[in-house]
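Top to bottom, those sequences are chains F and L. According to our numbering, the first sequence is numbered sequentially starting from 1. According to our numbering, the second sequence is numbered sequentially starting from 1.
Because the hints were derived from the structure by calculation, they are not lab data. Because the structure is a prediction, the values reported are computed rather than measured. Honestly, I wouldn't trust all of these hints.
[To be verified] DEER-style ranges, computed between Cβ atoms:
1. F/N229 / L/F84: 54 to 60 Å
2. F/N45 / L/E123: 32 to 38 Å
3. F/E32 / L/P204: 36 to 42 Å
4. L/R29 / F/E32: 49 to 55 Å
5. L/E202 / F/E151: 49 to 55 Å
6. L/N230 / F/R44: 55 to 61 Å
7. F/A225 / L/F84: 48 to 54 Å
No residue lacks a Cβ here, since even glycine has one placed at the ideal position from N, Cα and C.
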Amino acid sequence: MSDEEDDLILSELNDEELVLQMMDDLYDGMKEEIEEAVNILLERNWTPYDVLTKALVEGMAIVGVDFRDGILFVPEVLLAAGAMKGGMVILKPLLIATGAPRLGKMVIGTVKGDIHDIGKNLVGMMMEGAGFEIQDIGINNSVEDYLSALEEDDADILGMSALLTTTMPYMKVVIDTLVEQGKRDNYIVLVGGAPLNEEFGKAIGADAYCRDAAVAVETAKEFMARKHNQLSA
Amino acid sequence: MTDLLSELLETRDWLLGDGATGTTLFNMRLEAGVAPEIWNETHPDRIRALYDGAINSGSDIFLTNSFGGTYSRLKLHERQNDVFILNRIAAEIGREAADASGRKVVVAGSVGPTGEIMEPVGELSFNTAVEIFEEQAKGLMEGGADVLWLETISAPEEYKAAAKAFQNVGAPWVGTMSFDTAGRTMMGVTATDMVEMVNGLENPPIAFGANCGVGASDLLRTLLGFGKANPSIPVVSKGNAGIPKYVHGHIHYDGTPELMGEYALLARDAGAKIIGGCCGTLPEHLVAMRAALESTPRGSAPDADKIRATLGAFSSDSDGLDGATAPKRKNRRRGG
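Next up, chain F with everything else stripped away, as it sits in the complex (with noise of 0.2 Å):
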């Protein structure tokens, strides 16, 4: 880092040029001059909700791709997603308080029999670094677990892990248990985990495998643009 970087000053910046250093800056996961751009941008009065998607979430979304491409690995995108979560932290409460729309909720656990949880972990570090409200319920869930949690948190996404080859079926009685309560169509089902792949996903009748965390994201946003759509329609 040269001084000549150092003597960069944020409030300085115009609009634009504050936007796309904070996406560098989410790209290098520097949590405090994200949080201090997100001020910034709010005293300039900036709307929380623009601020989330025009600024955080665009920049995490080239984070994504880049994670996708094989261009970033985990460990790169944790710090991004870090520095987002600590915008994050100060958009959250003024978001509510100016009755944004929410970018979504996700229950997200590994099934019954499935005590691995590290993917799980990271999907939800991610999707949380993208914006979405992540409600983790942990190993081992139960059905009942599940739809539980659902319901308390009012979620739009259930998100389902499996590591092994004997627990992954488990993801379908869930999903039978949804259908039969006539609530599948209340939330987005993805699922993911190494064994599994797209036609597993298909035959359980989940909306769609998840490859990895980067696709999760990619996937429950596509997902809840659809919903907003259809409720808009």
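Dock chain L against the given chain F, drawing on the hints supplied.
Relative to chain F, chain L alone:
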């Protein structure tokens, strides 16, 4: 005093490792969601049968049932206060099985990842990770393990923390990582990165290598990557028996014993000295691997085409070694 593994490595051209622990235990009706380590206490006969399955199939080394035996993993089952005892029993049963075999078989105390993400990205500090590994290592060594065997690691910091813990305990060890993301570990480590890291350790392992990951083809490509960095210590190859497939409501690994025999030969040709299986590898696979290794002379290192033709396609185009590293952003600091 030299350990049994080092002794065998000196006298033998190759050593056969073991196969799958999880797959085998599930076949013994381990209920999904139960920590396998709890069976050390409740079903020692089945754990003995797991070990005997490897020994009777010709394994020179087998891993104890303690992969998830750290504080951080057992905590998920509220058994975090039993780390020492569950690991000690895992090794004790192994010691008995090895001593009863009538030949020299290495009891390797399995140590898996903590499942937590280390600082600065995550919250697990280096020192806490060392403590976590040390506690498990003590139990395994007390139970009579010949060596400790770290596996399925993706973060370099975690590998280093385990190396430090094993140094504190004075235990000889082996450590493998899992390369499952476009030729790299989940945390972005390439095959040559790993060789470099291992070379730089104050307490280096007896052997290092790769386990699990995607399929046998990818694993062999990683071995070729190790070779490019001229490692100074023996290489371990423990690949999965193919890839899990979901067929008519059931899951099975698509690797046949014959195919795993081919894999074993290619792994040896690619530079591995310790060759075993991972998920999906059952005793019949091990028997086929041993027979292949005994009946076929060592050949020259395979290239990517030969691996693909014998074992199937790779999961990604890149082996992670083509220089596709994260670019520093051109305009890290605009303005200025």
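Hints, one by one, checked against the model:
Between F/N229 and L/F84 the beta carbon distance is about 57 Å. The supplied range of 54 to 60 Å therefore holds. In this structure the hint that F/N45 and L/E123 lie 32 to 38 Å apart at CB holds, the actual value being about 36 Å. For F/E32 paired with L/P204, a C-beta distance near 38 Å keeps the hint of 36 to 42 Å intact. Range check, L/R29 to F/E32: Cβ separation about 53 Å, and the 49 to 55 Å hint holds.
About 53 Å separates the C-beta atoms of L/E202 and F/E151, a value consistent with the hinted range of 49 to 55 Å. Distance hint for L/N230 and F/R44: a CB-CB separation of about 57 Å, consistent with the stated range 55 to 61 Å. For the pair F/A225 and L/F84, the beta carbons lie near 52 Å from each other, so the given range of 48 to 54 Å is met.
Against the hints set out earlier in the document, no violation occurs for any number.
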